[in-house]
Structure formats: C-alpha cells, structure tokens
Amino acid sequence: MNICVCIKQVPDTNEIKVDPVTHTLVRKGVPSIVNPFDTYAQEVGVRLKEKLGGKVVVISMGPEQAKEAIKTCLSVGADAGYLISSRKFGGSDTLATSYILSEAIKAVEEKEGLKFDLILCGKQAVDGDTAQVGPEIAEHLGLPQITYALDIIEKDGDIQVKRECDEGYDMISTQLPAVVTVVRLPYEPRYPTIKSKMAAKKKEIPVLTEEDIPAINLERCGLSGSPTKVKKTYTPVTEKNGVKLQDIEAEDAAKQVVKLIYDAKIL
Amino acid sequence: MNLADYKNIWVFIETECGKPKNVGFELINAAKPLAQEKGCELIAVVIGKDIEGVAKDAICYGADSAIIVDGPEYEYYTTDAFAKALVALVEKYKPETLMIGATNNGRDLGPRVSCRLKTGLTADCTAIAIDEETGNVAWTRPTFGGNLMATIMCPENRPQMGTVRPAVFKKGDYDEAKTGEIVKEEITVAADEIRTTLIERVKEVAESINLEEAEIIVSGGRGVGSQENFQLLQDLADVLGATVGCSRAVVDAGWMPHAHQVGQSGKTVAPKLYFAIGISGAIQHVAGISGADTIVAINKDPDAPIFDVADYGIVGNLNEVVPALTEAFKAQKA
Ligand SMILES: Cc1cc2nc3c(=O)[nH]c(=O)nc-3n(C[C@H](O)[C@H](O)[C@H](O)COP(=O)(O)OP(=O)(O)OC[C@H]3O[C@@H](n4cnc5c(N)ncnc54)[C@H](O)[C@@H]3O)c2cc1C
Ligand SMILES: Cc1cc2nc3c(=O)[nH]c(=O)nc-3n(C[C@H](O)[C@H](O)[C@H](O)COP(=O)(O)OP(=O)(O)OC[C@H]3O[C@@H](n4cnc5c(N)ncnc54)[C@H](O)[C@@H]3O)c2cc1C
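From first to last, the protein sequence lines stand for chains A and B.
Under this note's numbering, the first residue of the first sequence is numbered 467, with each subsequent residue one higher.
Under this note's numbering, the first residue of the second sequence is numbered 57, with each subsequent residue one higher.
Derived from the structure by calculation, the hints contain no laboratory data.
Hints are not guaranteed to be accurate.
Stated by the list, open to error - Some but not every residue of chain B turned toward chain A, in silico, with C-beta under 8 Å:
1. 257
2. 336
3. 352
4. 377
Beta carbons: idealized from backbone N, C-alpha and C, even for Gly.
Please construct the entire structure, taking both the sequences and the accompanying hints into account.
Dropping the structure here:
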C-alpha cells in the first residue's frame, strides 16, 4: 500500500503567549513542531506500510524551514519526503492550499513512479484550526473521504476506519484510493532513535516549486486564488480574574462557591 | 460569477436517522437578525430520510420556508450523497449565504461542498454579523487553539459559507402556529455513487450523552485518580442533572470512553456551568470550553493553569471538595 501523508509544520501552540501590551501573538522563540494530529497520521501510515509493504511519502507545503518537520517524519518511518514551496503559494486559504497539495500529490506520484492508495491528513492543523484541507484535497482529486478517524484497520488488504461519532464510533469501509483525516489513535507515535535520526539527516528532500508541477494553474494559488480574506485578527481577553478560594476547609469552600453560583443566578 | 444572482440565507439542518441536531435550530435563530438586516429570506435546508417534520420544526423555530431532500439514501450521513444533494440545491437556487453546524458531519460536508463550488468556507465560527461597509457576512472564529480570533469574509465568491459551532447560539422560541412553504426536491443518488459503507455503529456509552447540548457538565481529569473514583463526579452530576465529561488523559487511561472527552480532539462544549475537577487546564482542553458561561475549577495545585480561565476556583483535594460540593448543592436545592 502506497501512502501519502500530508504534514504541516506549526508553532507549538502550547508555547504561544499573548503580548499583554500589544495584544498580539508572541511567536518569537516558539518552537516549530510537526502538527500533532499529523504525527498520528504518519504513525498509522507507517504501521500500514509495515504490514502491507509499499511506501510512505510525506509532503509538506511551507517555507524552507519546514524541511525540519519532514526530517522528523523521515526519522520515524517515512521513506521519502517532498517540500512544496514557492512565493506564489504564500497566503493561500484552504481552497488554494488543498488545490496546490492535490496537484503536488499528482506530481509526486509521477516522480516516485507509483500511485497512492491512501492519502492521510491530520484532522486539523493547530494553528489554522480549520480541518478543511483534508476533505478539500479529496474533492480536488475526486476521491472518497473519511474524516475524524480514531484508527485505521487493515482487513485483507482493504482498510476500515473507526470514525468518531457522538455516542462512540462508526466502522466505515471505503474504496481505495481514499483520503482519511486522523483525529487520534489508540497508541502514541513512535520516537526516533539516534540511528534513524542520522539516517534521516542524510536523506535529500526535494523541493517542488510551480516549475515542477507543470499542470498547476497559478491563478488558483496564493492570495488571488483564495476566496476567503482575513479582515482582522485580535486576541481574546482571557483573564477572568475569577474568585480563587485557598487554604479554606473543603466544606466551607464548597458552601461559598455554591452561594456565589446562586447569588450570580447561574443556577 | 454575478454576485447579484445570489440571494437569501440558508441554514443546513443536520439530521441523523430523521432526528435533527439542535445546532441547526440554533443557527436559524442566529441568522434571523442577519436576514432582517439584508431584507432577505431565511431558508432551512434539510436532507435526510422522513424529515418533513424537521422542516416544519425549522419553520416554527423561525425559518421563512424550507427545502427538503428526502430519500432512503440519506438515512445515514455519507459525504458523497449529502455533498451531491447540497451542491445541486445551491446550483439551482443560488443562496447568498450557507451556514452549517460545525459538528463532525458538518465539518466533513462543508469543505467538500465549498471546494466543489470553488467558494470560501470559514471554519468553526463563534460569531456572525453583516459587515456594514460591504454587506458581506463577517465570520469570526478562534484559531491557534483559541489564542487568536480572526474575522473572515468571502467578498468575491458565492455562496459565502461557514461552519458554526454548536451551542454558541441559543434556539429561538418554538411557534407552533407559524407556517411556511416546504419545497420538496427530488435528488437521487445511486448506490455506486456512495463510495463509503457504514459497517457498524458502535455505542460506547449506555445512554446517549450529548456534551455539546448539555447545560451543566462535570468534567474530571487525571487528578481524579481512577475509574472508580469518577463516582464522586457522577454523584455531583446527579444532584445537578449534569453530564459527566473528561480530559484526554482520562480517555488515554481507559477510565472513560472517548465520547466524553472535551477539548481540541474531543467535544467543544458551551454549557452554562462547567466543572473542571483534577484537570490541569492544558490549552487543548481549554480550547473546548471557551464557550462555557461559568467555569468552576477544583485543583490541588494553586498554580494550575485552569485557574486562569475559571470564574470560581477551589484549591484543594478533590476527594474532599467534590463530596462537599455535592452536599452543598443538595442542601441548596432542598
Ligand atoms: C487567523 C487565520 C484564520 C484562517 N481561517 C481560515 C478559514 O476560515 N477558511 C479558510 O479557508 N482558510 C483560513 N485560513 C487559511 C488557512 O489557515 C491556511 O490555508 C492553512 O494553510 C491551511 O489551513 P489549516 O491550517 O486550517 O489546516 P487544516 O485544514 O486544519 O489542516 C488539516 C490537515 O491538512 C494537512 N495540511 C494542512 N496544511 C498543510 C500544508 N501546508 N502542507 C501539508 N499538509 C497540510 C495536514 O495533514 C493537516 O493536519 C486562516 C488563516 C489564518 C492565519
Ligand atoms: C494534538 C493534541 C490534542 C489534544 N486534545 C485534547 C483534548 O481534546 N482534550 C484534553 O483534555 N486534552 C487534550 N490533549 C492533551 C492535553 O495536552 C493534556 O495532556 C491533557 O488535557 C491533560 O489532562 P489532565 O488535565 O486530566 O491531566 P494532568 O495534566 O495530568 O492534570 C491533572 C491535574 O489534577 C490535579 N490533581 C491531582 N490530584 C488531585 C487531587 N487529589 N485533587 C485535586 N487536584 C488534583 C493536578 O494538580 C493536575 O493539575 C491534546 C494534546 C495534543 C497534543
């Protein structure tokens, strides 16, 4: 089974702080990581490959720096990685991003001399947070999709997906090729070893620009290819200055909170 | 694309096995002032099986009229069938705006449809308004795990599409006497056009838990210590008529099924009252509770980040505080 994993390099949103004066995000010094949901996609992809044979190829669109994220994936089981990068791709919303990625996927198939059976994405990127790129890649490629996967299980060469739903999960089968977006897994992604890290470092990561994706229509890329426009951003006021009861007997604290809740007519 | 050809605001009403999700009715209430401002119609769109009653309900909740697509192929949600039907409706009627509840199915369907229509989709919105200057919809949404809010518009493409978070808006009053036209559209989807198959639906929770629509949630984290100890939270929940939720650490430990998980990879909730008990307040958890009106945190660590977002905090051992709370609420209710 040949698998393409789409990964995005994101700032570690755990580390992001808001400047109290300017009310903007402080990104300086914030480490870049592989989008956590994508690490699940990568892990399940590698496990499927280990069982069924084939290749796992990761692709990422972003600046040169995103090669680091690709290297991380190469150190935990991916066979090859491509960076999709061009000034013309900057500023893309999800429609344009997914269009570029879908064209890049076709170009990578050509270069690798294979056809992908499965395209895996994370459920969402923790910076943009839209969860739209996966389904949109599926639409551009005309493939079936399953979103919110909790696990992907191989059955006689076919796959079944545990899809999260309100009261538990749905078991869903699909024709291949297909796009699956992964929300979590019953197991954690593996760690690299020193040896696998060294090997990943040595691997070349080809960069694909619009020149390498001849079929791409540049009018559909970047800001001009993006129907949504971000008009304004602002940081929400989060400090609540709530009441904090400390060093008080549990019983008294509980009574006080209940009184406060009723006095405030919350209940 | 001639923008002037596109009129009216549509709200997609999600159903499952013929039963509506609340979020559709919430969006009707949220879209009503927008429709008034634009002087246009507010139309409910229902796709499902045996859903004429749902269309009627949507009208009683405030829609001017409804369009329905009813057929056996729509009993369970599939991307292929629903996308085909919704795209066909949009192409025929040309709505100016289309809103979809940001449930798992809504966020599966939305991007598939917007991409086929080559229009913009704003994700997971928590506020909607009409931009005074341009008359476009201004969609506001949290990004960066809730650290940054963004207002987004789709000025040159139609329809303007957005998915909107459940439980951010309240349902309007149900007016039984209200009437409106219900238009039936025949759109059939052949079996081989649907490329995914539901093999089985596995329920992991005894009764249906619906965190998104719960008014009060009592959530526990790793600090609760064990599956058995969740009984303390259940007792509190019973007194309050609340639903029990949890952090991901609890799901990972196997103490609770995933359907109870609140947060970025679980449910986004918006209750009147949220209890975070033995939960540290990681950003991925907090991302799921930003819509809660009031947050009560109980934690033994005075520096736990959960206290930054709590309205009321008790620093203490949950094994003492939670039973005390249960008793105090009991006494108050008596
Ligand atoms: C504040 C802000 C708000 C925004 N709001 C919207 C909006 O509402 N609608 C909209 O259309 N655009 C929006 N955008 C633009 C959007 O964030 C970008 O298009 C972004 O590149 C992709 O969206 P995402 O980060 O939400 O990814 P998601 O759709 O959440 O990502 C899902 C998965 O797709 C894959 N993926 C995503 N990006 C890449 C990549 N670059 N390379 C490889 N794989 C990838 C990964 O597997 C990822 O897990 C917004 C941008 C900003 C800055
Ligand atoms: C991509 C991604 C997605 C994620 N999605 C989610 C999500 O959807 N939801 C989610 O919750 N997490 C999510 N997480 C995980 C998140 O980062 C945290 O690891 C998790 O929320 C921690 O759970 P917790 O607060 O229960 O446990 P901990 O962080 O271990 O906190 C336990 C707390 O209990 C307190 N405590 C211990 N004993 C007692 C006692 N006797 N009395 C009172 N207090 C006590 C401790 O002081 C501590 O603050 C996600 C992580 C990633 C990377």
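Against the structure, the hints:
no.: 1; hint: 257; result: holds, 5 Å
no.: 2; hint: 336; result: violated, 12 Å
no.: 3; hint: 352; result: holds, 6 Å
no.: 4; hint: 377; result: holds, 5 Å
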